[in-house]
Structures are given as C-alpha cells and as structure tokens.
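Those sequence lines, one after another, are chains A and B.
First residue of the first sequence: 208, per my numbering; consecutive thereafter.
First residue of the second sequence: 53, per my numbering; consecutive thereafter.
FYI, nobody ran anything at the bench for these hints, they're computed from the structure.
Be careful, since some hints might not be right.
DSSO-like, lysine-lysine: derived pairs with alpha carbons at most 27 Å apart [claimed, not checked]:
| # | chain 1 | residue 1 | chain 2 | residue 2 |
| --- | --- | --- | --- | --- |
| 1 | A | Lys275 | B | Lys204 |
| 2 | B | Lys121 | B | Lys592 |
| 3 | B | Lys563 | B | Lys537 |
| 4 | A | Lys347 | B | Lys121 |
| 5 | B | Lys618 | B | Lys535 |
| 6 | B | Lys502 | A | Lys294 |
| 7 | A | Lys347 | A | Lys392 |
| 8 | B | Lys204 | B | Lys502 |
| 9 | A | Lys294 | A | Lys275 |
| 10 | A | Lys294 | B | Lys121 |
| 11 | B | Lys204 | A | Lys373 |
| 12 | A | Lys275 | A | Lys347 |
| 13 | A | Lys275 | B | Lys592 |
| 14 | A | Lys275 | B | Lys502 |
| 15 | A | Lys373 | A | Lys392 |
Chain by chain, the residues run as shown.
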Amino acid sequence: MMCGNLLPKSTIALTLYLGLGLIATPSYAQIPPSHLAAQTLDQVLDGLRERSLSQIPYQESRSIPALKAPLETRGVLEFIPPETLIKRVESPVASTYLLSNTEIRLTDGATGETFSLKPDAIRELAYIGSSLVSLLMGNKADLLSRWHVTLGGTQRQWEMNLLPIKQDESGLRRVRIEGREGDLKKLYIEALDGSISTLTLGTR
Amino acid sequence: MKSRLILLAWLGYLAFAGYVLTQDTAITSDLTFFLPKATQAQAQLLLTATREGPGSHMLLAEISGGTEKERFAASDALVSNLRASNQLSRVQNGIDPQDLFQLEERLFPYRFILTPSSPDLWELPSLHHTLQQRATALYSGAGRLEERWLEKDPLGRWKQYLDQLTTGPMPQLVAGHWVDGAGTTALVLIETRTAGFDLESQDIAQQRVQSAFDATSPPGLSLKLGGAGALAVETNRSITREATWLSLANTLMVSSLLMVVYRSWRILILGLIPLLTGLVTGALAIRLQYGDIHAITLGFGSTLLGVAADYPNHFFTHLNSNTSNQTTMQRLWPTLRLGILTNIAGFGVMFFSGFKGLQELGVFASAGLLGAGLSTRFILPQLSPPSSGLGLWMATLSHNPIQMISRRSRLQFCVLVPVFLGVMFEVSGRSLFNDDLATLNPVSPSRLEKDLQLQRAFRVPDMRWLVLITGATEEDALARGEKLKPVLSDLVTLHAISGYDLVTDMLPSQKTQSLRRTSLPTPEVAMVVLDQALRGTPFKPHAFAPLIQDLSAASNLPPLSHETFKDTFLEPRVNAELFTTPEGAAIVVPLEGIAAIDPLRTALRTLQDPEIQLIDLQDVMTQRIRENRIEAFRLLLAGLVTIWGILAIGLRSLWAAARVMAPMLLASLSTGLIMALLSDGLNIYHLASTLLVMGLSLDQALFFNRPCSDSHERARTHLSILLCSLSSILAFGGLAFASVPLLSAIGMTVSIGAFLAVTFAALLAK
C-alpha cells in the first residue's frame, strides 16, 4: 500500500529534480538535447577510437563546496590502452593519478608518497575513469550499462550528456562531454558531494 | 560352565564397551590439550594468548603464478566466495575501502578523542595555520582522498587516526591488495572460527579455502597456506601418512616372525585379543572419566600398550600338550601379574601430572594394561590350542648362552657399558636435555623456513620479544599502555626498534578519552574561533558548520570501548592485543625490527612499573619445558619407588626387587645416554619412549628371574623373552627410519632400549 502511494510521488519528484537540474545548468540549455540514433553514438565512438588519444594537455577547474574559488590545476591526461588512464598534475603542485579497473594510485610529486587503493575507495573517480576508458576504447555496451546517454550537437561538434544508471554507486550526479569529431574537448563532472570539475582538454 | 560364563562376560563387556564408545564419543584433536601448563601465571597468560588467542586463528594464504591482474582477481574472488560462505570469521586481502567506510561509520564521531591533539589546536593562530595547510593539501595527491572529510573534519583528526593505524604491522599494498615484498604474490589473511591447534576444525576450514580457490581461480595460479593452523594440519597429515605405512610394514614383519615361530594363524589372531581388549578398556575408561577421547591419547596410548603385546607370547610359548592351558597360565600368572602391576604403576603415575593430556594418557595406559592382562589371564587359556608346536626351538634355548660368561665379567660389562657411555657423553660436551621448543617441533626446517617467509611477507612481528602489560581492569591496562607509548616512540627515534603496535593507539583509556573530551571547546566557542580563523583562507565562511554540529554531538556519545570495534576490520587486532585474564586484563605489545635488547630493557626500567614487562617468549617456553621435564622426572621417581614396593611385595624381598629393577635402570640409563649422544639432547619424546622401555625391560627381567620347573620350561621362557624383544625391536626399529622427527625419536629410543633391556636382563639373570 505504501509502495503504491510512494512510487508515483517519487517518480514525479525525480522527474522534476532532473528537469530542474537540466534547466538550471546553462550549458545544458544551450544545445537542446535529443536522442540520437544508435548509429550516431557509434559514429562518435568510432571517431574517438580511430583518433586513439594517447596524451593531451588539460586545464582543470574544480569547485568544492567549502572553497570560495575553484582549485585550478593543469597537466597532461594520458591514456594507455586498454584500460589505464593517467592524470599528471603539473601545477601548482605535481601529483599523479593512475586509474585502472583494479587500482587507483595517487602519487604525491613533492614527497613521492604513493597511495595505492582499490577503485571503490574514491568511487566517483573510479567510475568516471572507467567510463572514459570505455569511451576511448569505443566500448558502447559498457558505456550504456552505466549511463543514460544523450547526444546533442552536430557530428562535427557534439555533446554527450551522461546520467548514471546507479547514481549512489557512481557517486556522480551527471557528466557532460564535449568533442569535435574524434577529439575530446571538455569534460564537466558533477559529483553527489557537490564538487564540480571542468576539464578543458588540448590547452595548457 | 564357569569358563563359559567368563567368556560370555568378556563378550558382553566388549559389546557394552563397543556400544558406549560408538554413542556420541567425540575424538578431539586440539593439540593444546597436550601442551603442559606453566607454573607462573604470567607465562601461562602469554602462552594462552599466543596459542589460543586470535593470532592462532590466522591462516596466511599466498596466491602465486599468472599476472598481477589475475592474482588480484583470484584474491578478490576468493575473498568474496569465503565471505559469502560465512564459515570463517574474517577474510581480508588488503585495505578494503568498504572496511574503512564501515570503521568510519562507527568511529568517525569519536575523531576528537581518538588521537592526542596539541593544546593550542583551538587557539586562533594555530587554527588559522591548520586551515591554511588543509587548503594547500587539497592540491596534493592525498588531497583528493581528504576531500571526503573536509567539511566535517577540517583539522584532519580522522586522517591522523587512520595514519596511526596503518603504521602497524601490515603487508605491502598494491592497488589496495596485499602483496609480498617482491610483489609477485597476492596475500589473503583468513581468520578461522577455531584455534589453529584444533586440527579437525582447521582441516575443514582449510579444505573450504582450497576448494573456494579451486572453484574461483583460473588455471596457472596456485594457493599456499601458512600459519600455525596450516602447519599443524599439514604435519598431522604427514605423521598420520607415515605412521600408517610404517605400522603396516611393522605389523607385517612382526606377524611374519610370529608365523615362523608358531606356524599357526589361530595363535596369530588370538595374540591380538589382549591388545584389542586393552585398547577398548583404555578408551572406555577415558570415555567414562572425561567424556571425549583425544586422538593423541589413542595414538600414543596404543604405543604404550605395546607392552601388552608381550603377554600372549609369554603364554603361547609355554603351551604344551602335557599340561592344560589353565595350569600353564596359573604357573605363569604370578610373574605376569607382577609385570602387569608394575607396568600399571609406571604408567599410572602420569595420572598425577599437572596437565590433562598426560593424566588422560596415564588413565588410558593403566586401564588398557589391566584389560589386556585380565583377558590374557582368563580368555586366552580357553581359546588357545593345547600346544603351540614349538618343539623344534626348545633344544637350542634351554640355556641362557650368556650365562656361560663368568658372573664377574657379566657384572663388569653391565657397569662398564653405562660408564663408557657416560664418559663418551661427558667428552662430547653435549647437554643431557634439550628444552628448546624447536626440538619438539615436528615440522621440517625447510617447511618452517617457507612459513617464515610467508610470515615476513605478511609482516607478522617476531613474537619472541614483546612487552606485556597487565592490569586489574582493562582501563588499568590501557592507562599503563599510554604510559608506555612515549617510551616506545623514543625507542623508535633512537632506532632501537623500528616499530610497535600498541592497542591504545586504537582504543584510548576512558580517562584519556575524558581528558580529551573536556579539552574540546564548546560548540559556541568553536564557532566563534573558527569564523575568525577562516578569515584570509580560501574557505567559505561557515564552510565547516557540520564540524560544529558534530562537536556538539560529541559530548553525548557513549565512551569508546572494546565493544565499539565489534565486527569492524580492527576487531581481531584489538582482541589479539587486549584481552581479559583471570586476574584482570592484559595487553600484548608486539615489537618490530629490534636492533638491540639492552636499550629496550633500560627504557622499560625507567617506568618502574612491575606491570609493564619485557618478555622473551622463547625463554618463557624453555622455562616451561624445563619445569615440565622436572615434573616428569619426579613422577618417574615416584613410579620407580612404587614399582620397587610392588616387586618387593610380589617377590617378598627388597633385594630381589632391586635385582629385577637393575636391568631396567641400566637399559633406561644407557638408552638415554645413547640418545643424548645421537641427538641434540633428550626431549619429552625421548623421555616418554623411555617409559615404554622401562615397561618392556621389567617384563623381561621378571621372566628371566622366574623359577622354572625344568629345562623345557626354561627354554620356553627364554623363547618368550627372545620373541618379545625381537617383536619390539622390529616394530619400533621401523619407526626409527621415519622422516618425521617425532616418529623417528620414538622408534629409535624404543628399539635401542628394547635391545639393551634384553641384554642387561640376560646378563643379570640368576
């Protein structure tokens, strides 16, 4: 009886919440989202796979609720097929993040101290890392098993919006990826704890 | 009619015993049952802790082969499978984030009182500085980890606690998985529900682990188990396997010998009656007295009952068609009875031992010998054929050939043999007894070394040296532990030790908790100071409102206690290091990387607290073995005096009794000296085997000295002694070649002893 009463309410609440979230985010509103045919997602994934990203400079702006201003960092993002993603922070403080299916390894550039952790120690980092790997490897099945994927824009300048199928498991609220043909251009990652990271790729 | 009644009564008794023994008689295999108790409470406490404590429940598993990824996957699969089965207390293959999250859920509210803080932590300049540091740290590698607790714990108290925990002994971590030093194997720590010395339960648990691994791992990977439980099970298997084969071989040899002598299957089978009745009686006595029967009591007790294998031979060799079986038995019985009674007295003294294992063995052997003796007396004469057809042998054995040597020479020889052995022993410079625990270890040195390698990979601390803290209560012990902490920290700074694991780092005393709690500012004061401290930092005003809320809730938290750790991954560690004792509570502090002992001793002496002691566990063990050996000797002496008394009554002369005992004493002494020369000193196995030698020796001396009516009877007596000696030498001589040190020590001692016993008995015979 309780379920019968709660289910429609929670569904409505979720729809409203998601809808408000999308409207409240300006960049989402700029390009009207539309479900593209599977063929189109295949084309984006094919393009990414064919370009085979190995190293790319990035700039990151990370907002944490407790901080007045975002943390600004820059460095190089490296992909080592088939499953390893490395983020080398060069400034302001050197550090390295290695993400793979079995490990998150954080190395402090100043002290050389390394923290080797099981992926679920920082679940949102592990989730986004493995999803990026799936994207770069063109692994559509894995991507669709984790995310509700919505594509927008044109084939030349596309935008992929990802909503986690299991939000609690992922620790993420939403992810947006912008690209131009086979190149990744921007990553927007919003976590459940309120932190937001924007990575602009290809610039130092 | 009377004889039939006796036969029926015997069959009825066997049926009753069989019924009782097959009804809920548990055969236990807990090895601690056979480890003696220490006389000092402190030593007993330590040994109980190390032997039965959580440490003994740990199985160390190592996965090798394949790639690192395959090993980690197999390790994860093994952990999942075993956790799902719920048959083991705990399975861990690294720092599992879920474990940390669970700990966080339980202990995070206590973060203000878990670690010490500087007195000025909440003063404005210090607080401002700390917050600035926190902001900078967010850019570091670990910063990403700390974000999780930033708003609730900007002062980093929880991280400080976690850092403190991971300084303890723990294997190397790769990708959250434990690996060995070279990173070539994955390690899994398994905690069984039963202690490592409970062989049966351990065996089941280990088979469960192995089958889970076989079911979940890909080909090319292999699993190796280590730790006290694994070694105990492995050793038990190898001893059982080797003992089974050697027993079969020995049985074949002894049966062949008896067949050659008697040429009768019937006699061969009848010869088993006393031994089997003895075994059943011994087991029944244990069942009725103690409830359960220990496997070692059965195994070693059966060996001691080997004396009873001689009883039917004494009877069969004296059978002849001219005399009825009953008459033959009546003539033999006084000597046989004396032998049985003295053997019962010898083995029975074990009943007065300080530990249950030997008591049970004493009851088993004494009751068994009584059963074997009575069945020899009343059953064998009824079932045996009138003659054992020994005619061929008689002519050659009517005289003791040794008697042809002059009495003087024989006496000289008897004195010279032990004197010569004594001089040899003195010249060798060896010590007579070896109280080193290592000599009792039935595990081969190469297997032990492999286990040590595994222990090193797991960073299991060297448990030889440790600090023992005792207290009237848990709180008292924890308070003393906190007093010890600065001393140990100084020792680490001085490189006298490389580390230590102190339970107060996980669980502070109530007093310390209370002090830390009272030193916290009120939420109102904290809010004001924090607002001021936040000025000029990258943090937003009121960014740490959750901290203020938690600070407010902290005063209402129940005190952190031993119980708080229940079901967390720290529970086994806390339980291993802090436990209750009959006198109160105790803390064990394992020490790592001890460079020198003297600075440790000196540092602990400065505390001037008798309840905080540096313990050498090896010394405690050696002391304990020495105490038990001395006790065994006292019992042996008491046994000898009792035997002398029984013999004096039976033979109606103290001198005659001494004469019968002389070969036994000479054989035991000489065997002891030979074994001390051949080994690194006598251990408890040698001493227990000597007990059997004494039993065999007494029997032979009694029969050598028994009055015989004619040369035929004398020949039969000589044959019986020869047959008994040969059987013992063959049966135990085989064991001497066993690769297991325990079996080989027993085999060699008894076979040499049996040979010397018959030699000395022949030399000193009337």
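### Message
Next pair to validate is A:Lys347 with A:Lys392; report whether the Cα-Cα distance is within 27 Å.
### Response
Holds - the C-alpha atoms of A:Lys392 and A:Lys347 are around 20 Å apart, at most 27 Å.
### Query
For the pair supplied as a hint, B:Lys204 and A:Lys373, is the alpha-carbon distance within the 27 Å limit?
Measuring from Cα to Cα gives roughly 26 Å; hence the hint holds.
### Message
Next pair to validate is B:Lys121 with B:Lys592; report whether the Cα-Cα distance is within 27 Å.
### Response
43 Å, violated
### Query
Are the Cα positions of A:Lys275 and B:Lys502 separated by 27 Å at most?
Roughly 57 Å between the alpha carbons, so the hint for A:Lys275 and B:Lys502 is violated.
### Message
What's the verdict on A:Lys373 and A:Lys392, does the C-alpha distance respect the 27 Å limit or exceed it?
### Response
26 Å, holds
### Query
Is B:Lys204 within 27 Å of B:Lys502, Cα to Cα?
47 Å, violated
### Message
Run the distance test for A:Lys347 versus B:Lys121: straight-line Cα separation, threshold 27 Å.
### Response
Roughly 24 Å separates the two Cα atoms, so the pair holds.
### Message
Checking one constraint from the list: CA of A:Lys275 to CA of B:Lys592, max 27 Å. Satisfied?
### Response
Answer holds: A:Lys275 to B:Lys592 is near 5 Å, not above 27 Å.
### Query
Is the hinted pair A:Lys275 and A:Lys347 satisfied, with a Cα-Cα distance of at most 27 Å?
38 Å, violated
### Query
Is the hinted pair B:Lys563 and B:Lys537 satisfied, with a Cα-Cα distance of at most 27 Å?
Holds: B:Lys563 and B:Lys537 sit about 15 Å apart, inside 27 Å.
### Message
Tell me if the straight-line CA distance from B:Lys618 to B:Lys535 falls inside 27 Å.
### Response
Between B:Lys618 and B:Lys535 the Cα gap is close to 26 Å, so the pair holds against 27 Å.
### Message
Checking one constraint from the list: CA of A:Lys294 to CA of B:Lys121, max 27 Å. Satisfied?
### Response
21 Å, holds
Hints 2, 6, 8, 12 and 14 from the list above are not met by this structure, while the remaining hints are.
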